[in-house]
Amino acid sequence: MKKISHYILFSILFSLILIIGIGNVYASQSRVIDIRASQFKFEPGRIIVNQGDTVTFKVKTSDVTHGFYIDGYNVDKEVRRGDEVTVTIVADKVGKFKIRCSITCGALHPFMIGEFIVEQGGVNYVFLSSAVGIILVGVSTLLFIWRRDYEYQA
Amino acid sequence: MWGEKLDRTELLAIILVGAILIGTPLVIYYYQVNRVIKIMNYEKEIEIAANTFENGNWFPDKIVVKKGEPIRLIIYGSDVAHSLTIPKLGIDSGIIKPGHIKVIEFIPEEEGIYEIYCGIPCGSFHSFMIGKLIVVR
Amino acid sequence: MSIKLSQIKGFLNSFLLHKGTFDLLQIDLIKRLVKHRAFQFAVILPNLFFFWLIILTGFFGSPVGNMNLSITFVWMLWWFALIALLVPLFSRLWCTICPIPSFGEWMQRKGFIRKKEDYKPLGFNKSWPVRFRNIWLQNLGFLILATFSVLLVTRPIVTGIILAILIILASVLAIFYAKRVFCRYICPVGGFLGLFSMFSSIELRVKKKELCVHHFSKECIKGCETSYGCPWFEYPGSMERNNFCGLCFECVKACPFNNIALNLRSFGKDILAKVGRSLDEAWKAFIMLTLAILYILVMQGPWGWIRDLANVFYSPSYGFALNGIEGFLLYAGLFWGTSLGLTPVTFLGFSYLSKAFSKASLPLRRLFIDFSYELIPLALGAWIAFSIPIIMVNWSYIVNTLSDPFGWGWNLFGTKEIPWTPITPEFIPYLQVLIVTIGLFYSIKLGFKLSSQHFLEKNLALRAFIPQLAFLIGTSILLAWLFVG
Ligand code: SF4
Ligand SMILES: [Cu+2]
Ligand SMILES: [Cu+2]
Chain A
0 MKKISHYILF SILFSLILII GIGNVYASQS RVIDIRASQF KFEPGRIIVN
50 QGDTVTFKVK TSDVTHGFYI DGYNVDKEVR RGDEVTVTIV ADKVGKFKIR
100 CSITCGALHP FMIGEFIVEQ GGVNYVFLSS AVGIILVGVS TLLFIWRRDY
150 EYQA
Chain B
0 MWGEKLDRTE LLAIILVGAI LIGTPLVIYY YQVNRVIKIM NYEKEIEIAA
50 NTFENGNWFP DKIVVKKGEP IRLIIYGSDV AHSLTIPKLG IDSGIIKPGH
100 IKVIEFIPEE EGIYEIYCGI PCGSFHSFMI GKLIVVR
Chain C
0 MSIKLSQIKG FLNSFLLHKG TFDLLQIDLI KRLVKHRAFQ FAVILPNLFF
50 FWLIILTGFF GSPVGNMNLS ITFVWMLWWF ALIALLVPLF SRLWCTICPI
100 PSFGEWMQRK GFIRKKEDYK PLGFNKSWPV RFRNIWLQNL GFLILATFSV
150 LLVTRPIVTG IILAILIILA SVLAIFYAKR VFCRYICPVG GFLGLFSMFS
200 SIELRVKKKE LCVHHFSKEC IKGCETSYGC PWFEYPGSME RNNFCGLCFE
250 CVKACPFNNI ALNLRSFGKD ILAKVGRSLD EAWKAFIMLT LAILYILVMQ
300 GPWGWIRDLA NVFYSPSYGF ALNGIEGFLL YAGLFWGTSL GLTPVTFLGF
350 SYLSKAFSKA SLPLRRLFID FSYELIPLAL GAWIAFSIPI IMVNWSYIVN
400 TLSDPFGWGW NLFGTKEIPW TPITPEFIPY LQVLIVTIGL FYSIKLGFKL
450 SSQHFLEKNL ALRAFIPQLA FLIGTSILLA WLFVG
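Protein chains in written order, with numbering that gives the first Met the number 0: chain A, 0 to 153; chain B, 0 to 136; chain C, 0 to 484.
Next up, chain A with everything else stripped away, as it sits in the complex:
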């Protein structure tokens, strides 16, 4: 039993170091990203930047009027055909944020989704730590139950 708790403790510490570790040593930069909205997609669909970057989105639509909404970043703009809508944000929050269309634009409107991913120094720590967490939970669940059954048997 003791061994297992040591193991768990060690892994948690290890992953914490991994998570806090390297981030934020890269210089932030400004980026301009052209986005084209159409029924029912944003192109490019995945936008990856680093924390601290100043990101300018230039959004155009090629068919009907769409919305440009980013989860958690308080962006909600209306994009009509012919206009180019410019939004500038500082990518201060880390993680994956969905870009959504906020104006009904036809049948598949609720699925019109893109992704805005903010990494730290080129590494997606949110995903990394999730994966480590999943492995930890998995292995420790198994060990815990195996151990309990084992003791029960003995």
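For the record, the hints were derived by calculation from the structure and aren't laboratory data.
Take the hints with a grain of salt, since some may be wrong.
Okay, derived cross-link-like pairs now, DSS-like style, lysine-lysine, Cα gap no bigger than 27 Å in a straight line [claimed, not checked]:
| # | chain 1 | residue 1 | chain 2 | residue 2 |
| --- | --- | --- | --- | --- |
| 1 | C | Lys217 | C | Lys34 |
| 2 | C | Lys221 | C | Lys206 |
| 3 | C | Lys30 | C | Lys207 |
| 4 | A | Lys59 | A | Lys76 |
| 5 | B | Lys131 | B | Lys43 |
| 6 | C | Lys125 | C | Lys109 |
| 7 | C | Lys206 | C | Lys30 |
| 8 | C | Lys206 | C | Lys217 |
| 9 | C | Lys415 | B | Lys101 |
| 10 | C | Lys114 | C | Lys34 |
| 11 | C | Lys109 | C | Lys221 |
| 12 | B | Lys96 | A | Lys59 |
| 13 | A | Lys76 | C | Lys415 |
| 14 | C | Lys415 | B | Lys43 |
| 15 | A | Lys76 | B | Lys96 |
| 16 | B | Lys96 | C | Lys415 |
| 17 | C | Lys206 | C | Lys114 |
| 18 | C | Lys115 | C | Lys30 |
| 19 | C | Lys217 | C | Lys109 |
| 20 | B | Lys96 | A | Lys57 |
| 21 | C | Lys444 | C | Lys268 |
| 22 | B | Lys87 | B | Lys61 |
| 23 | C | Lys125 | C | Lys217 |
| 24 | C | Lys444 | C | Lys354 |
| 25 | A | Lys59 | B | Lys101 |
| 26 | A | Lys76 | B | Lys101 |
| 27 | C | Lys34 | C | Lys109 |
Following the hints, put chains B and C with the ligands in place on chain A, whose structure we already have.
Chains B and C with the ligands alone, transformed into the frame defined by chain A:
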């Protein structure tokens, strides 16, 4: 006694099921027809829904009004964003997002047939989205 | 009220701590309710109204999905409530209130509520062919619907047509075959309800099995003056799994000894039940797991081109037309290939490793089938994770269409213009990862116990389970990548 009572609940059940199956469409029909009558009549308040051409175009796509009488157009955006423009009369509602309503008021001064267009590109059939405003004496 | 302190304690113990079971029928109100002959009719009735409304809006309402009640009620509200609440907590309670088979059932019974003493079912009352007494037809039906799901969940008319077809099919089958053949062997919803209800925290079981064995008249199967025999072809006395219990409560009404209990219990108990494990259910598990991943990819992913493939009747440049068939075939091939082929074959590989690691003399087929049941909690977790944004992001469409079911510009309750406001959408990915991890936890816990059923030696059980652990963790990480990666 017992059998009789059971049959009464059965009767109630069949009435309830029947009421749902027949009543629901009737109530809906009645409610909608009442609204449409208001639209079709020569009334001063006119409702019009903006649909893309694929989804059924302006509804109704013909409006008849009387010359010189002030009218109120209540425009309902129903699928994607549109606007209502009547260039010959210099009318432009501005953007109407789906699910939203815009109201415009004007007085048609001259008899004739005026085309109603949509001013916001709304897909491949945007240019087919045409309705008619008929001003009669 | 006649609730005793011991009852409250039992309830809390089983509900919060998962210690033992608690019979909900001890609560007088619940017992009286489900024993009442009019109970099922009364709960179906309001639901019937909504079904009818959904079919009407589907056929006559706005063609734009999120402005039409049929889409928002079925694919947002119902779907979320079903997969995230009803199934995990209340087993097949949906089937208690489902109006789809009720027309057929009312016809067979020649009545809505009553039970005549000299009851003879109407219709041909045939028995279902033996070779179809499995859930392969349900698997097939579900896959077919899933292939067209992008149309189904966005085009009101398709939803309306499918619902109408299901009702008609159920009624026609009820004319020819006895009881709820449709529910048990055909209904595409019933298939996954059965599978996932194994995980649920509620079960209908007999209290004392010995009593059933020695009780020869078996009213729960045959019926009695006050109740019908089980319409689901089940015998409560030997029931160990929730899969085919539609919670109609006829047996509760029938049993002269009050031997039926509705237990609160620990999650996933049925997964360890040794009866009924079969290849059709294993495949159901593969299908559900695969489709959850594919749906997240297609409907919530950033890859618009996949949506274009799936959206067969619409092309942006030509409007509504039947083109892009090749693209759709590709998409359908992807669906069928992965859920019927790729996932099972991969899983077979891992099962083979399990066999090799433990040097078991068991047939590979046995290990493959039994281990497949460990996928149920993870698959359920994936489906719940998939369904969360539907409510948290798009809830406003539901209240909008409540006021304007047809998208005709009505405003019945003044909720028509409530703006689209997602609730804390930035936290959704974390919630999704959390839920998948909970699913993983149960999958591992139950999976290891499945392993222990075959290997009495715990170390062997552990060895046999290690490849399974790799598969489960791998799948979870894939899901996590879709959410946060
Ligand atoms: S099996 Fe299907 S049709 Fe039957 S009650 Fe359940 S959901 Fe309804
Ligand atoms: Cu859009
Ligand atoms: Cu338009």
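Now for the hints, and whether the structure bears them out:
no., hint, in the structure
1, C/Lys217 with C/Lys34, "holds (17 Å)"
2, C/Lys221 with C/Lys206, "holds (19 Å)"
3, C/Lys30 with C/Lys207, "holds (18 Å)"
4, A/Lys59 with A/Lys76, "holds (11 Å)"
5, B/Lys131 with B/Lys43, "holds (16 Å)"
6, C/Lys125 with C/Lys109, "holds (17 Å)"
7, C/Lys206 with C/Lys30, "holds (15 Å)"
8, C/Lys206 with C/Lys217, "holds (15 Å)"
9, C/Lys415 with B/Lys101, "holds (14 Å)"
10, C/Lys114 with C/Lys34, "holds (13 Å)"
11, C/Lys109 with C/Lys221, "holds (17 Å)"
12, B/Lys96 with A/Lys59, "holds (18 Å)"
13, A/Lys76 with C/Lys415, "holds (21 Å)"
14, C/Lys415 with B/Lys43, "holds (24 Å)"
15, A/Lys76 with B/Lys96, "holds (13 Å)"
16, B/Lys96 with C/Lys415, "holds (13 Å)"
17, C/Lys206 with C/Lys114, "holds (26 Å)"
18, C/Lys115 with C/Lys30, "holds (22 Å)"
19, C/Lys217 with C/Lys109, "holds (23 Å)"
20, B/Lys96 with A/Lys57, "holds (22 Å)"
21, C/Lys444 with C/Lys268, "holds (11 Å)"
22, B/Lys87 with B/Lys61, "holds (16 Å)"
23, C/Lys125 with C/Lys217, "holds (21 Å)"
24, C/Lys444 with C/Lys354, "holds (19 Å)"
25, A/Lys59 with B/Lys101, "holds (25 Å)"
26, A/Lys76 with B/Lys101, "holds (20 Å)"
27, C/Lys34 with C/Lys109, "holds (20 Å)"
Checked against the numbered hints listed earlier, the structure breaks none of them; every hint is satisfied.
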